[in-house]
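Trainee: As a plain string of letters, each chain reads:
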Amino acid sequence: MMEQAFPQIKIQTEDFDLSQEVAAMRAGHKDIGAVVAFVGTVRDINEGDEVSILELEHYPGMTEKALEKIRQEAHQRWSLENSLIIHRIGKMYPTDQIVLVAVASRHRENAFYAAHFIMDYLKTNAPFWKKETLPHGEERWVDARVSDQEAEKRWATA
Amino acid sequence: MMEQAFPQIKIQTEDFDLSQEVAAMRAGHKDIGAVVAFVGTVRDINEGDEVSILELEHYPGMTEKALEKIRQEAHQRWSLENSLIIHRIGKMYPTDQIVLVAVASRHRENAFYAAHFIMDYLKTNAPFWKKETLPHGEERWVDARVSDQEAEKRWATA
Amino acid sequence: MVKILYFASFREQLGKADEQLPADYDSVESLLQSLADRGEVWQQALVNNPNLQIAVNHDVADRATPIEAGDEVAFFPPVTGG
Amino acid sequence: MVKILYFASFREQLGKADEQLPADYDSVESLLQSLADRGEVWQQALVNNPNLQIAVNHDVADRATPIEAGDEVAFFPPVTGG
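Protein chains in written order, with the working numbering: chain D, 1 to 158; chain P, 1 to 158; chain E, 1 to 82; chain F, 1 to 82.
If you are wondering where the hints come from, they were derived from the structure by calculation, not from laboratory data.
Among the hints, a few may not be true.
[As the list claims (entries may be wrong)] Non-contacting residues of chain P with respect to chain D, defined by C-beta distances greater than 10 Å in every case (computed):
| hint | residue |
| --- | --- |
| 1 | 5 |
| 2 | 12 |
| 3 | 13 |
| 4 | 30 |
| 5 | 42 |
| 6 | 78 |
| 7 | 106 |
| 8 | 125 |
| 9 | 133 |
| 10 | 136 |
| 11 | 146 |
| 12 | 157 |
[As the list claims (entries may be wrong)] Subject to a maximum C-alpha distance of 20 Å in a straight line, what follows is the list of computed PhoX-like cross-link-like pairs (lysine-lysine):
| hint | chain 1 | residue 1 | chain 2 | residue 2 |
| --- | --- | --- | --- | --- |
| 13 | P | 10 | P | 65 |
| 14 | D | 91 | D | 10 |
| 15 | D | 69 | D | 10 |
| 16 | E | 3 | P | 65 |
| 17 | F | 16 | F | 3 |
| 18 | E | 16 | E | 3 |
| 19 | D | 30 | P | 91 |
| 20 | D | 91 | D | 30 |
| 21 | D | 131 | D | 69 |
| 22 | E | 16 | P | 131 |
| 23 | P | 91 | P | 131 |
| 24 | P | 10 | P | 91 |
| 25 | D | 131 | D | 91 |
| 26 | D | 91 | P | 30 |
| 27 | P | 69 | P | 10 |
| 28 | P | 131 | P | 69 |
| 29 | F | 3 | D | 65 |
| 30 | F | 16 | D | 131 |
If you're wondering where the values come from, they're calculated on a predicted model, not measured in any experiment.
The beta carbon of each residue, even a glycine, is placed where N, CA and C say it ideally should be.
My request is simple: use the sequences and hints to build the entire structure.
Mentor: Printed below as a string of structure tokens:
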């Protein structure tokens, strides 16, 4: 099971509870002063159109490895106590939770930067693909955003 | 009641549930794609000493007004759907939650910046004071940090 | 009358959380001078203290801020919340 | 043998999620040239597509990446998770 190889990475169809996941990530790490949690949710509008269903596909095996690599990179760049990435797959609906990135550190600055970094890299480096269904049943693959490429570049080191 | 004047500001002695508070903040705002939640927690170590109790005092009336001003400033600087600030007062213990800043926006960048901004301003502008009790019963007021002053300055506009 | 509040270490040092004083002061500065006359501990906390923070009617203020009858003036050390 | 995977819009366009091919290719480039011979749709998706993303054995790769028997090669469009 990939979940055992990378215990801080979870790919799942079911929803997650923010409080429970953050509590589990904090457990056993008492010297935490700051937790930053990012939750990505399904918007009801994309590119000006109403969206009824969002379906997430991924590349099993590569996904876990790519996310763990991003997580490890964050731990190398900032002093962190722990971190967690959960990404849902399958069908989701407007307002549903899609992704959770949670980071715990002693001081807030590291947690803010690391969570933002992980999300920016996840957007451009983790093999997930979104397909939208519009109200009349039309399906379309979501295009990658140039703004996400730009966001990743800001973290480049010399 | 101050809670009615500033419904997105809560000063309370009781703990809060992260999932419930985030869900309430999102309710009625469907066009949300990103939520950033910051939780500040009681560390068991400060200035090299073990801490047994942390007591939070505040200035009723001014606190709510100061926090609402910071929140409004964040909404002016970034495009946000909603935001929430909860700060506990009274006695707390290591690992307890002290503060929650939650921000919801369409895109993640605004939520990350706004939550970080609100925390940095809260640290230097909201009238709260911390007193620590060490294991042998010695009490001391926590000193303001120069690093918090520096953190606030980064957000200065020209 | 003017309401005066003291918070955190100031409240402990001065042995007082709040008091009412006649509205005989035209600014925070003149109020502070009057309070300093009470003795060394008041002088140290309120006049010789570069970290003194001031609020008038729940807004951040300074020594030059005018005060009038009915105002609430607060003195406190740098804040440490969050 | 080499395992080939197609994801998202590629899987739909090519009508195939995965296949096994003999390990007759020394690099991703030679595998792509061979797949392009299957017709216009393959040519468009895999050769004339500046957005083609490639992974070999779960790591990001490119056309020059060597492949050998037992490898898993994946082709997909730019990712859109999060």
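Trainee: Each of the hints needs a verdict: does it hold here or not?
Mentor: Against the structure, the hints:
Non-interface status of residue 5 (chain P) relative to chain D is upheld: no Cβ of that chain comes within 10 Å, the nearest being about 28 Å off. At roughly 17 Å, the least C-beta separation between residue 12 (chain P) and chain D is larger than 10 Å, which holds for a residue marked as non-interface. The Cβ of residue 13 (chain P) lies farther than 10 Å from every Cβ of chain D, with a closest approach of about 19 Å, so its non-interface assignment holds. Interface exclusion of residue 30 (chain P) from chain D breaks down, the closest Cβ pair being 5 Å apart, not more than 10 Å.
Residue placement check: residue 42 (chain P) does not keep its beta carbon more than 10 Å from all beta carbons of chain D (closest about 8 Å). For residue 78 (chain P), the shortest C-beta to C-beta distance to chain D comes to about 14 Å, beyond the 10 Å cut-off, and the non-interface label holds. The beta carbon of residue 106 (chain P) is not kept farther than 10 Å from every beta carbon of chain D, the shortest such distance being approximately 7 Å. For residue 125 (chain P), the non-interface assignment is confirmed: its Cβ lies about 15 Å from the closest Cβ of chain D, beyond the 10 Å cut-off.
For residue 133 (chain P), the shortest C-beta to C-beta distance to chain D comes to about 17 Å, beyond the 10 Å cut-off, and the non-interface label holds. At roughly 20 Å from the closest C-beta of chain D, the C-beta of residue 136 (chain P) stays outside 10 Å, upholding its exclusion from the interface. Even its closest Cβ contact with chain D, about 13 Å, leaves residue 146 (chain P) beyond 10 Å, as expected for a residue assigned away from the interface. Its beta-carbon lying about 20 Å from the closest one in chain D, residue 157 (chain P) satisfies the requirement of being farther than 10 Å from that chain.
At roughly 11 Å between alpha-carbon atoms, residue 10 (chain P) and residue 65 (chain P) fall within 20 Å of each other, so this suggested pair holds. A threshold of 20 Å between alpha carbons decides the hint, and for residue 91 (chain D) with residue 10 (chain D) the separation of about 17 Å falls inside it, so the pair holds. Pair hint residue 69 (chain D) plus residue 10 (chain D) holds up; C-alpha atoms about 14 Å apart against a cutoff of 20 Å. About 18 Å separates the Cα atoms of residue 3 (chain E) and residue 65 (chain P), which keeps this hinted pair within 20 Å; it holds.
In summary, the hint linking residue 16 (chain F) to residue 3 (chain F) is supported, as the alpha carbons are separated by about 12 Å, within the 20 Å threshold. For the suggested pair residue 16 (chain E) and residue 3 (chain E), the alpha carbons sit about 12 Å apart, so the restraint of at most 20 Å is met. Only pairs whose Cα atoms come within 20 Å are accepted, and residue 30 (chain D) paired with residue 91 (chain P) is accepted, the gap being roughly 18 Å. As the CA atoms of residue 91 (chain D) and residue 30 (chain D) are separated by approximately 37 Å, the hinted pair breaks the 20 Å bound.
Using a Cα cut-off of 20 Å, the hinted pair residue 131 (chain D) and residue 69 (chain D) is violated, with the two alpha carbons roughly 25 Å apart. Between residue 16 (chain E) and residue 131 (chain P), the direct Cα distance comes to roughly 17 Å. Compliance with the 20 Å bound is thereby established for this hinted pair. At most 20 Å may separate the alpha-carbon atoms for a hinted pair to count; residue 91 (chain P) and residue 131 (chain P) meet this at roughly 9 Å. The straight-line distance between the Cα atoms of residue 10 (chain P) and residue 91 (chain P) is roughly 17 Å, inside the 20 Å bound, and the hint therefore holds.
A C-alpha spacing of about 9 Å is found between residue 131 (chain D) and residue 91 (chain D), which places the hinted pair at or below 20 Å, so the restraint holds. Taking the CA atoms of residue 91 (chain D) and residue 30 (chain P), the gap is near 18 Å; set against the 20 Å cutoff, the hint holds. For the hint linking residue 69 (chain P) to residue 10 (chain P), the alpha-carbon distance of about 14 Å falls within 20 Å, and the restraint holds. A C-alpha spacing of about 25 Å is found between residue 131 (chain P) and residue 69 (chain P), which places the hinted pair above 20 Å, so the restraint is violated.
Between residue 3 (chain F) and residue 65 (chain D) the alpha-carbon distance is near 18 Å, which keeps this suggested pair within the 20 Å criterion. Proposed proximity of residue 16 (chain F) and residue 131 (chain D) is supported: the alpha carbons are some 17 Å apart, at most 20 Å.
Violated hints, in rising order: 4, 5, 7, 20, 21 and 28; the structure is consistent with all others.
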